[in-house]
Every structure is written in structure tokens, then in C-alpha cells.
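A.B. asks: Assemble chains B and C onto chain A, guided by the hints.
Same order as they appear, the protein sequences are chains A, B and C.
Reminder that position 68 of the first sequence reads as 69 in the numbering used here, one-by-one numbering, no gaps.
Reminder that position 3 of the second sequence reads as 323 in the numbering used here, one-by-one numbering, no gaps.
Reminder that position 209 of the third sequence reads as 214 in the numbering used here, one-by-one numbering, no gaps.
I should point out that these hints are in silico values taken from the structure, not numbers from a laboratory.
Among the clues, some could well be false.
Unchecked claim - Here are the computed lysine to any residue pairs in the SDA-like style, where the Cα-Cα straight-line distance is at most 20 Å: (1) K146(C) / L629(B); (2) K535(B) / L564(B); (3) K119(C) / L661(B); (4) K240(C) / L195(A); (5) K299(A) / E130(A); (6) K240(C) / A193(A); (7) K299(A) / D462(C); (8) K299(A) / G474(C); (9) K699(B) / V671(B); (10) K240(C) / G113(A); (11) K589(B) / G505(B); (12) K146(C) / R237(C); (13) K146(C) / S663(B); (14) K333(C) / E244(C); (15) K240(C) / A250(A); (16) K346(C) / E616(B); (17) K240(C) / E115(A).
To be verified - Covered by chain A, according to a simulated footprint, are these stretches of chain C (three or more residues, beta-carbon under 8 Å): (18) 123-136; (19) 170-180; (20) 235-243; (21) 267-274; (22) 390-402.
What the hints assert, rightly or not - Quick look at which bits of chain C chain A covers, simulated, 3 or more residues with Cβ under 8 Å: (23) 184-195; (24) 202-211; (25) 301-310; (26) 368-381; (27) 467-475.
Note that the Cβ used here is the ideal one computed from N, Cα and C, for glycine as well.
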Amino acid sequence: MTAAATALATDDPVLLAFAEEVGSEGPVAVAGGRTRWATGGTLTEGTRLIAAPTGIVEHLPDEMTVTVRAGTSVAELHAALAAAGQRTALPDRGGTIGGALAVGENDLRALGRERVRTALLQVRYVSAEGRIVASGGPTVKNVSGFDLPRLMVGSLGTLGVLAEVILRTNPIPPVSRWLAAEGAHPRDVLEATLAPSAVLTDGTTVWVELEGHAADVDAEVARLGTVGSFAEVDGMPDLPVHRWSLTPAEVLALHEGGSPHDTGAFVGAAGLGLVWGSTPQPARPLDPTVAMLSERLKQNFDPTGRLNPGRMPGGA
Amino acid sequence: MDLKLGADELNTCVQCGLCLPHCPTYRVTGDETMSPRGRIKLMREVQLEDAPVTDEVIDAFATCVQCRGCEPACPSGVPYGHLMEQTRETLADAGQMTPVWLRAAMKPLSQPKLLAAGTAALGVAKKVGLVPDRLGLGAADIPLRQEPLPTTGTDVYLFTGCVMDTMQRDVHRAGLDVLTAAGFGVTPTGAEAPCCGALQAHAGLTDETRGLAEKMMRSLEPERPIIVDSAGCGAAMKEYGHLLGTEEARVFSGRVFDIQEFLADHVDKLPTVEPLDLRVAVQDPCHLRHVQRVHEATRVVLRPFVRELVELDDDGLCCGAGGAYSILQPELAGQIRERKLGSIDRATPDVVASANPGCSLHLGAAGVDTIHPMELVAKAIRT
Amino acid sequence: MYRYAKLRNRVTRTFGMGADEVAADPFIADLVAALSPDRVKSDGAHRALLSHDASVFDGGNSGPVVFPETTAEVAAVMAAAQTHGRNVVPRGAGTGLAGGAIPLGVPVVVAVTKMDEIHEIDTDNGIAWVGPGVVNLDLTKRLGPLGYHFAPDPSSQQVCTIGGNVANNSGGPHCLAYGVTNAHILAMEVVLPSGEVVMLGGLDAEPAGYDLRGAFVGSEGTLGITTKIAVRITKNRPEVRTLLLSFDSVTDAANTVSGVIAAGIVPAAMEVMDQRITVAVENYVNAGYPRDAAAVLLAEVDGLAAGVDLDAERIAEIGRENGATNVKLAGSDEERALLWKGRKTAFGAIAQLAPDYYLHDTVVPRSKLAEVLQQTYDIAERHDLVIMNVFHAGDGNLHPLILFDARDEGVLERVHAAGAEIITASLDAGGVLSGEHGIGVEKQKFMDRMFSSDDLDHQNRLRQAFDPGCRTNPGKVIPTGHSCADIQSLRSIPKEVWA
Numbered sequence: 002m003t004a005a006a007t008a009l010a011t012d013d014p015v016l017l018a019f020a021e022e023v024g025s026e027g028p029v030a031v032a033g034g035r036t037r038w039a040t041g042g043t044l045t046e047g048t049r050l051i052a053a054p055t056g057i058v059e060h061l062p063d064e065m066t067v068t069v070r071a072g073t074s075v076a077e078l079h080a081a082l083a084a085a086g087q088r089t090a091l092p093d094r095g096g097t098i099g100g101a102l103a104v105g106e107n108d109l110r111a112l113g114r115e116r117v118r119t120a121l122l123q124v125r126y127v128s129a130e131g132r133i134v135a136s137g138g139p140t141v142k143n144v145s146g147f148d149l150p151r152l153m154v155g156s157l158g159t160l161g162v163l164a165e166v167i168l169r170t171n172p173i174p175p176v177s178r179w180l181a182a183e184g185a186h187p188r189d190v191l192e193a194t195l196a197p198s199a200v201l202t203d204g205t206t207v208w209v210e211l212e213g214h215a216a217d218v219d220a221e222v223a224r225l226g227t228v229g230s231f232a233e234v235d236g237m238p239d240l241p242v243h244r245w246s247l248t249p250a251e252v253l254a255l256h257e258g259g260s261p262h263d264t265g266a267f268v269g270a271a272g273l274g275l276v277w278g279s280t281p282q283p284a285r286p287l288d289p290t291v292a293m294l295s296e297r298l299k300q301n302f303d304p305t306g307r308l309n310p311g312r313m314p315g316g317a
Numbered sequence: 321m322d323l324k325l326g327a328d329e330l331n332t333c334v335q336c337g338l339c340l341p342h343c344p345t346y347r348v349t350g351d352e353t354m355s356p357r358g359r360i361k362l363m364r365e366v367q368l369e370d371a372p373v374t375d376e377v378i379d380a381f382a383t384c385v386q387c388r389g390c391e392p393a394c395p396s397g398v399p400y401g402h403l404m405e406q407t408r409e410t411l412a413d414a415g416q417m418t419p420v421w422l423r424a425a426m427k428p429l430s431q432p433k434l435l436a437a438g439t440a441a442l443g444v445a446k447k448v449g450l451v452p453d454r455l456g457l458g459a460a461d462i463p464l465r466q467e468p469l470p471t472t473g474t475d476v477y478l479f480t481g482c483v484m485d486t487m488q489r490d491v492h493r494a495g496l497d498v499l500t501a502a503g504f505g506v507t508p509t510g511a512e513a514p515c516c517g518a519l520q521a522h523a524g525l526t527d528e529t530r531g532l533a534e535k536m537m538r539s540l541e542p543e544r545p546i547i548v549d550s551a552g553c554g555a556a557m558k559e560y561g562h563l564l565g566t567e568e569a570r571v572f573s574g575r576v577f578d579i580q581e582f583l584a585d586h587v588d589k590l591p592t593v594e595p596l597d598l599r600v601a602v603q604d605p606c607h608l609r610h611v612q613r614v615h616e617a618t619r620v621v622l623r624p625f626v627r628e629l630v631e632l633d634d635d636g637l638c639c640g641a642g643g644a645y646s647i648l649q650p651e652l653a654g655q656i657r658e659r660k661l662g663s664i665d666r667a668t669p670d671v672v673a674s675a676n677p678g679c680s681l682h683l684g685a686a687g688v689d690t691i692h693p694m695e696l697v698a699k700a701i702r703t
Numbered sequence: 006m007y008r009y010a011k012l013r014n015r016v017t018r019t020f021g022m023g024a025d026e027v028a029a030d031p032f033i034a035d036l037v038a039a040l041s042p043d044r045v046k047s048d049g050a051h052r053a054l055l056s057h058d059a060s061v062f063d064g065g066n067s068g069p070v071v072f073p074e075t076t077a078e079v080a081a082v083m084a085a086a087q088t089h090g091r092n093v094v095p096r097g098a099g100t101g102l103a104g105g106a107i108p109l110g111v112p113v114v115v116a117v118t119k120m121d122e123i124h125e126i127d128t129d130n131g132i133a134w135v136g137p138g139v140v141n142l143d144l145t146k147r148l149g150p151l152g153y154h155f156a157p158d159p160s161s162q163q164v165c166t167i168g169g170n171v172a173n174n175s176g177g178p179h180c181l182a183y184g185v186t187n188a189h190i191l192a193m194e195v196v197l198p199s200g201e202v203v204m205l206g207g208l209d210a211e212p213a214g215y216d217l218r219g220a221f222v223g224s225e226g227t228l229g230i231t232t233k234i235a236v237r238i239t240k241n242r243p244e245v246r247t248l249l250l251s252f253d254s255v256t257d258a259a260n261t262v263s264g265v266i267a268a269g270i271v272p273a274a275m276e277v278m279d280q281r282i283t284v285a286v287e288n289y290v291n292a293g294y295p296r297d298a299a300a301v302l303l304a305e306v307d308g309l310a311a312g313v314d315l316d317a318e319r320i321a322e323i324g325r326e327n328g329a330t331n332v333k334l335a336g337s338d339e340e341r342a343l344l345w346k347g348r349k350t351a352f353g354a355i356a357q358l359a360p361d362y363y364l365h366d367t368v369v370p371r372s373k374l375a376e377v378l379q380q381t382y383d384i385a386e387r388h389d390l391v392i393m394n395v396f397h398a399g400d401g402n403l404h405p406l407i408l409f410d411a412r413d414e415g416v417l418e419r420v421h422a423a424g425a426e427i428i429t430a431s432l433d434a435g436g437v438l439s440g441e442h443g444i445g446v447e448k449q450k451f452m453d454r455m456f457s458s459d460d461l462d463h464q465n466r467l468r469q470a471f472d473p474g475c476r477t478n479p480g481k482v483i484p485t486g487h488s489c490a491d492i493q494s495l496r497s498i499p500k501e502v503w504a
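So that you can see chain A by itself, here it is in the shape it has in the complex (with noise of 0.2 Å):
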């Protein structure tokens, strides 16, 4: 860190320390909950695997905002929140709020919990120097700036190794239902609802989820009645195991029986476009200048290409 105080500034010990252990040499990989570890290719051997830092540093309710260490796990921070009545829009699949950001995936309710991406308000990481860099701010709108956190998401810690967040936070709605029906369409339940949290497909069954005031979802409810015989659901249905990224339209064909995609038996997010299907999405080879771009900020960000070596976002 620099001697002035500069106002994304930090002298957390835990950081500090965090930083010293990354270091500036040799290959290092942060290994959170291990739940993508295959995401973006395979890890150099002989990488030295280390853990993020760990604990809730500020929860503010009135701010709806939430300081929170990179090795904390997603499931204690929701547990945290929802004592407070908040929530985020990250997705709790057994991992950290590390793994969360890095991999950058979406909760398949993503309509009613905003995108991952739009969750993180400021980043510091270490960089591959060393050093802790911070970006973004504390505050929910910040226009201070290149905007460093929206690239850290989904960036597999390859530009900098994520050591604290603060991420938006937002009230969980008083009710929250479920419901399903056979035949019903995706298209006529996105139309015939304000803001469903989820509408789901596996191309006979529609499941939807309704959030807000009691009344509200009452309401949703009986609009729900004129495109489809909707009845009360526990959750969502069970979901194959590989994880597609298509357009909330390809999602609408595969309903509709009409798609080129071979995804085999799926659950897809319409409105959204993700789908889990149970044969893998085929690689998604980036375009030649995506690509360029990247192998730039790659060299421009960790010149020695010590950052969870082997790996890269859009990576087999």
C-alpha cells in the first residue's frame, strides 16, 4: 500500500497478511470450495494452493450493502443476512464468496435476485505484484473510474486473487411461492406476470416463482390461472447436472421442441437463458479479437502468468 490514506485504502492485518502470502512469485491458486474446480481448464501442477481470508467484516442493512471476506462460504453469509432479512444475488452451491464471484455463475433465479455480475459493488484483490489493489466503492451507485469489479467477475481469480468484497445486498420478500403446471407456456407466463423470480422448462412442466408482498403474489397467482393450471410446488424440480448458457429466445425453442441445441434432458430459465441439460454445452470458442483482448488483459494484469495457472475464462 501507499503511505497516503487514500480513501479505498485498508490496513486490515488479515488483508495485509493475505497479500504477503499471494506474494509477487511463483504460481499460486486460491482453492475455495472446489465446486467448479474444472472451470476454465485444468490447474498447472506444482501451484501452490492457497485459502482466501475468512469472516463477515460489516453487514449494513440501511446501506444494503455487506463487507465480506473472499474465503467466507456463501451459505454462512446468507445465513447472516437472512437474520437481518436481506439476501445477494449470489448462487449458494456449497462454495465461497470467492468461488461465487470468480466463476461468476448465476443463480437460475436470477429474474427476482439481479445477476452476479451487478452484485459487486468493490473489489480488493492482490494482484499478481503483490499488492492489494481496490476498485469500485462502497456505496451502491459509483461511477468513480474503470470499472475493475465487473472484470474481476468471472475473471477465475486470473487477474488478481479476490481477498475482500462488498456486494449489494436486498430485502428477502415477505412471501415466496412455487408453483407448476403441464403445458402451460414460458412465453404466456413471462407475459401474463410483472416479475416472476424464476420461470423454468423442461419443455412439458412450467415451474414459476413468485416473490413480494402477500397480495401481490396473490394476485400473480390468479394471472397465472389463465395461461396454465398452476398448483402449489416445494421448489424448484431437480436439475441435470451440465450447465448451458443460451438466450432466454433459445430457451423459448427448447420448450417448443424446436431447438438445434442437444442438450438431452434439460431445465432451462426462460426469460434468463440458462439451461442444465444432461449432455455438455459444447466449448464456446471465443472470437478471435475476444481473445486478443483477453490475452491482453491477461499479460497487462499478471505479466508472468502466475495467477491460477492453466486456467482462463472461456477456457476448455
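C.D. replies: Relative to the frame of chain A, chains B and C by itself:
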């Protein structure tokens, strides 16, 4: 050079740019030299910084339609219309703007017989295909003969003007009928007050305009309301106070009412009749909406007499007619009109109601079915 | 403005090229070949105008101005600039207040205003493809009949372009609930400084690779030029409730705002105006605002009928608990529209009070609103200035507005000094430099108060991945002393201005 612009008026603009979308020439060109903010900046460059008056500068000023759509949009209340008129006057006096032939063309407007002859000649020429398309008169119906208007009383004047009287006497007749139906005795001004001076003012011929204004004020009886059914004329006459700067002129301007504006206060006096089975789009003439700012009155007066009123989705952007603009800047006027046509298409009306002859001619030339609001009301009352 | 005559460093005197030089400039010849002669302007009038935006900053220095209509033309302009080693500055409607579009280094100014086509509205994908020159409000108007709108609604929405919204990551009153521009951009076709055309992001849920889309939004025109943008379209809410709460103190209003959020309500908008500005607005538009309240809070909730009624009641309750002297629910759409008209024309009302004003933009934590507001009044008093506050309270986004008359001797120094203190106070309260105006040239010198040298260095690394030559909108955002901050190829050609 000194454009003779008032320092305070020129200094009011803070260059925020909120005027840009309300300027028809900026809308079609995307070019800030053709925007109010840009033109004001150029006025400053010329007057305060002694920048030379280059072709581009002249072009920036000459392409302004003077619709004054920027004025209601301006949070700082910049008197743009006055700035532009003064700029043109100074440049015209210096011989840098307004070609001689245009000054000559303005002459007949204040001389009714000459104008009538000219218009009739234009009508004949059009019939035999001699009028070039660039004049934008393609579909306009230019009458060859006209019936005189009757006097029905002395409660109010109906200003009949020059271009309007010759080309659209049916509009005056409709206005006269509607005013009479509302219980007002009407005196058409006819040759007594031939020209309001609006076109001369636009061209920067301010001395001529002042002369016409004084003539008009002399020739009309005091105190009687002067009803105007052409938005451009009404706007010009309401500005005599500013133009001449005398108390007498201000009092005169206070007697001037747009016909819709006047009738909106007396709409209860009109007979209750079966509305016309028409979906009518209201096209607000700029001088009604942006200058006189009484365009809501058109709706108040029309609403009881037609099945459906529909608004255009362009926030009252100019149609490109702008007095002689469609003749002087045919290319831009055509582009501006294209935008308006898109808006009219989206509104899917049976007919477009426009309270200004210039707009009607300009839109009519592109095949739009236009009619003066008074003609609709008169038709509903007559049937 | 008087400053125009007196305070301006006369840029137009130093940037112009003579007619001969224009004709002989091979760069301009290439531009003309790439577009057409009528869309390449190198005359003094164009260059004088496009040397400015809506900010108070001088020193702009425009080279030729081009008006491309297609992606290929933008690419050709970029390639020509690259070949000739010239700078490029993109420009939308020029409404920025931080000087982001002010051309530095005699660049070619690329005005995207002619690229104003709404290409496609795709409800199945929930997006519209638009050109960068499409005006924000025009898109919303076009979407209206389909039951959608474009959520970011900056106060300049009637004029600002979506390309400009992307560059500045624009906000607006309603981004409290809906998020800023970044949340509403899914994909962009971008021309890189090299002239290469690339699609960033995608319509699919999770496009592969780094989120280059996210990094591009808010980069203030330094990473390239957008030529086609996929924006998310948002369903119109069927029910809206707008409340006007009056308070005896700004503190009570600020506490109400915090209380509402703490109660788990995220209103569509929460706007506060202090008494000075409320009176000015009321004099200007007669919207029905109380003249005797120390502060008013305009709160809006939208959604379904039952919920908005519940939320509106709860907000009223929280207001009363915090000392609201009056709570009024807009009874009709007209009343609601009038209240918003008052809020949105606030700056207009100000323009009627003083010949000049300087509008600031910082963000503080909601809990610090009252404290920092009081500091702004104290700061103004110390500098013998009049200050008013109208702001996006829900976001903690302050807009202190300093009124002055530039004709007063030395006033500008005081205005700038007060501004610097306001920024410092905001940062000290745990806030940030800018909520929606951006950094531009306005806040460059404050960047190192918020960011360390390492932080700024990393921002620069992002920038140089896109623009290794630092030729696109040079001299912006990053403060001097860092690479890319100093203009590389400053060509000044002090000849005849008005060629």
C-alpha cells in the same frame, strides 16, 4: 462583428443541450452547428470573439426553421427567437444574408392584389405542370377564384391576412361560421390589414415588419379582439409589443387571440352536435405550440366534434414548413417532413388537423390529408 | 455565460487549420474517402462547437469532426486515426457535465448522432438493438406501446444518447430499484482503437470469457466506440404511487430515506430537495410543492396494486415517525407528472436564479446523508457562496449545486475551492467521487484521493488492453502522472482558426 445582440440575452444560455432534441434541423442532421445550442455559440463567437462570418456560420443561421421548439425546452429561458431574428437582421443589413430576390419576393405579401394575381398564376401554372416539385406545392389545392367573406357583426375581427386569405379562404369561412355559431359577430379584416409581417421578420427584414405592424395597428378599430386562424400570423401579431417596444403595441398584442385559444374559453357556447366519425391527429403548428403556447386549446375545441383525438409521438417537433423555409431549404425541409410523416404514420389518423396554412401546404405536398381544426368544427356544426 | 468571454482560454484561436493545410492533410483526405465530403467537417464553426460539451470546462481542442452512419465507417475512421497516429474522441449529444467529451489533443471527433436507428425490438430475448446515437427517451417512447421502457433515466434523458449512457454508466432517479446502465446492457458491437470490430458480451445468460462488456460500460469513451448496443427492456409497472413528504429539517428527510431502506422497501425512486430549491421549483412550475418545508422527499413505489399501497403507507408512516409535517399521495397521473416535472426541471429553475451554477455529484452512505449535507452548507457559507441541494437520496447520490455569477471577481476560485471541500467531505464520510457524471476532466485530480497508485495503475492496465496507444479519448479519467494520462500526440496547429 457586432450582431447587436443583447449581452444578457446572449449570456443566458448555459450550453446544457436540452434544446437539441427539440430542434428539427439537429434531429435530421445530428450536427450541432444546426442546433440552438450551436447557433447561440456561433453568435457568441461572432459577436464576442470577432470570429469571421464564414459560409458555415451563415449556413448555421440560414438553416434555422425558427420554429422556436427550443424555447419551451430551455430551462434557462433563452429568448432564442429574438436572438435569431436580430442576428438575421444584422446580417441582412450587412448584406451577408437573405438574397435580394427573397426580399423582392416578400413584397407582394403586403399587397393583396399583387398576391392574388400571383397566386392565381401559380394555380394555373400548377395545373399545367409548371411548378417545380422543390416548391413543395405538389398536392396543394391552389384556388383560381374566391368568394368574398361576409361581415356578421362587430364583436371581433377575423384576421384574413395575405397568403392565408388567398389560398385558404375556406378556413376563414369555417372560422367565421364557428365564431358566429358561438354568438360572436365577426368582421373580416380583408384589405384593411393585409399583412402581419411574419415572413419578413423571419427573413430578418425587421424594418419592413415594423412598417407592416404600424400599418395594421392604425387600420383596426381599438379594443375589439382580433381573432387569428393562422398560427404564424397570430404569433407575429402577439410580438408587436416586443417588436415596436411601445405601450400601444403591447396593448394591441394583448387583443390578439388564436381562434382556438379564443374559442376554448367559449366552447360551451357552441352547439352540441353529433361528432364527426373521424380519428384526428393534431399537428401543432410551431407558432401555436412553441411561441403562443396555446396548443392545448385546439384539443379543447376539437374534442366534442370528432370521434377520436390522437397525439403524435414527436413532442410537437416542427414539420419543416417554416414560412418560406420549405422553399429556401428544400432538402432539409424534406428531411424534417419525413420525420413528421413517420410520426403521423404511427398515429394512423383519418386526417391531420393543423391550424397553420404553411404546415398544411407542406404536409399536403407529401400526400397527407390535412384540414384546419375550424373546418372540422364547422363541418360538424353544419351537418 | 460571461465566463465564455472572459474566463475561457481561447481554444479556437489555437486549434484551427488553414484551408490549405486542411486540403493537404492526408488524414482528412482519408476520412473523406472513408465517409463522404459532407460528413467530414474541418471548418472552424464545427470545431469550435465540438470543442465543448455541457460542462464548464475549457481547453477543448477539436480536430476534424466526422458523422459516420455505419459500423464500417466508424472502423475506417479508427483505422485512419491509427495509421496517422491521431487521437479519437467519441461524442453523443454532448450533455456530459464532467467534460468527458471535451476533445483533447486535436482528435478527430466522432459524432455518432446519425447512428440513431432502433434496429430491432426482441421481446423473446427482452432486448432492443439500438444505434449509439439513439436518444434515451426516444427508445422508451418507442417501447411504450409494447409495454416496456429503458430503465436508466438520467435527467438529460430527453437528449442524451444511449451510446453516451454506455460510456458514462448513466444513472437517474429510478436506478435505485432498477440499477444503473451496466445492468441494462447485454451486448455491444464495438470498434476498437485499432479499427477492429468486436462483439462484447452476448444475449446468452453467461457469455464466455472475461466480462469485457462490463469493463467497457462506464469507460468514458476511452476503450473504443460502440456502434450497436443490445439493451435490456423493462416491463412497465402497472401501478405507481408517488408520495410527497415535507419536513422541518433536511436531517429528518434523510433519516426517513434510511428508515425506508431499513424497513426492507426498495422504492423505485427517492428524491430530496431542500427548501431553497423547492421554492425555486415551485416558482417555476407550480407543481404543488410546499414553500415552507425545510426539505421535501419525493418517494415513488411501483409494481402491483396491493404491494404499492402497502409500501406507500409504510413510507408515509416512517416519514411521520421521522417528523414529517405533511404527507401527500399524488391523487392522479397528472399530479404525479407535475411533481416529477418539478423535480426534473429543478436545474432549470436554478438557471432562473443565477447566471451560473456548478452542479456537483458525489455519493455518500445513506446514513451519512444528513451529516454531509450540513457540511455542504457550512462549506458554502465559509466561501460566501449560495448552495442548494437536490439529490437522489435513495442512492446517497448528492448533487450540491453552487450558484454564482461568473462576473464577480474571484468567484470561480471560491467555487472550485468549495467543490474540492465537498468532494473531500464525501470521501471522508466513506463515499465516492461520482455517482453518475463520471470523472472526465472534472475529477481527474481527485482520483488519487480515492485510489492508490496501485489502484490507478490497474485501471490503466485495463485501459491499455483495449487502447495500447492511449489515443482514444486521451487525457481523461486517469490523473496526470500515470501513463495514458498525458496526451501522446498533441498536435497543435496554430494557424487561421476559421478556415
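A.B. asks: If a hint holds in the structure, say so; if it doesn't, say that too.
C.D. replies: Structure-based check of each hint:
1. K146(C) / L629(B): Roughly 19 Å separates the two Cα atoms, so the pair holds.
2. K535(B) / L564(B): holds, 12 Å
3. K119(C) / L661(B): holds, 19 Å
4. K240(C) / L195(A): holds, 7 Å
5. K299(A) / E130(A): The hint holds at about 13 Å.
6. K240(C) / A193(A): Measuring from Cα to Cα gives roughly 11 Å; hence the hint holds.
7. K299(A) / D462(C): holds, 15 Å
8. K299(A) / G474(C): holds, 18 Å
9. K699(B) / V671(B): holds, 14 Å
10. K240(C) / G113(A): Given that 20 Å is the threshold and the Cα spacing comes to 14 Å, the pair holds.
11. K589(B) / G505(B): At roughly 14 Å apart (the allowed maximum being 20 Å), G505(B) and K589(B) satisfy the hint.
12. K146(C) / R237(C): Holds - the C-alpha atoms of R237(C) and K146(C) are around 15 Å apart, at most 20 Å.
13. K146(C) / S663(B): holds, 12 Å
14. K333(C) / E244(C): holds, 17 Å
15. K240(C) / A250(A): Holds, because 17 Å separates the two Cα atoms, which is no more than 20 Å.
16. K346(C) / E616(B): holds, 18 Å
17. K240(C) / E115(A): Satisfied, since the Cα-Cα distance of roughly 15 Å is no more than 20 Å.
18. 123-136: Held - the segment 123-136 of chain C has 4 residues with a Cβ nearer than 8 Å to chain A, which meets the minimum of three.
19. 170-180: Satisfied; 4 residues make the cut.
20. 235-243: holds (count 3)
21. 267-274: holds (count 4)
22. 390-402: holds (count 4)
23. 184-195: Coverage by chain A holds for the segment 184-195 of chain C (4 residues, Cβ < 8 Å).
24. 202-211: holds (count 9)
25. 301-310: Coverage by chain A holds for the segment 301-310 of chain C (3 residues, Cβ < 8 Å).
26. 368-381: Contact hint for the segment 368-381 of chain C vs chain A: holds, 5 residues under 8 Å.
27. 467-475: holds (count 6)
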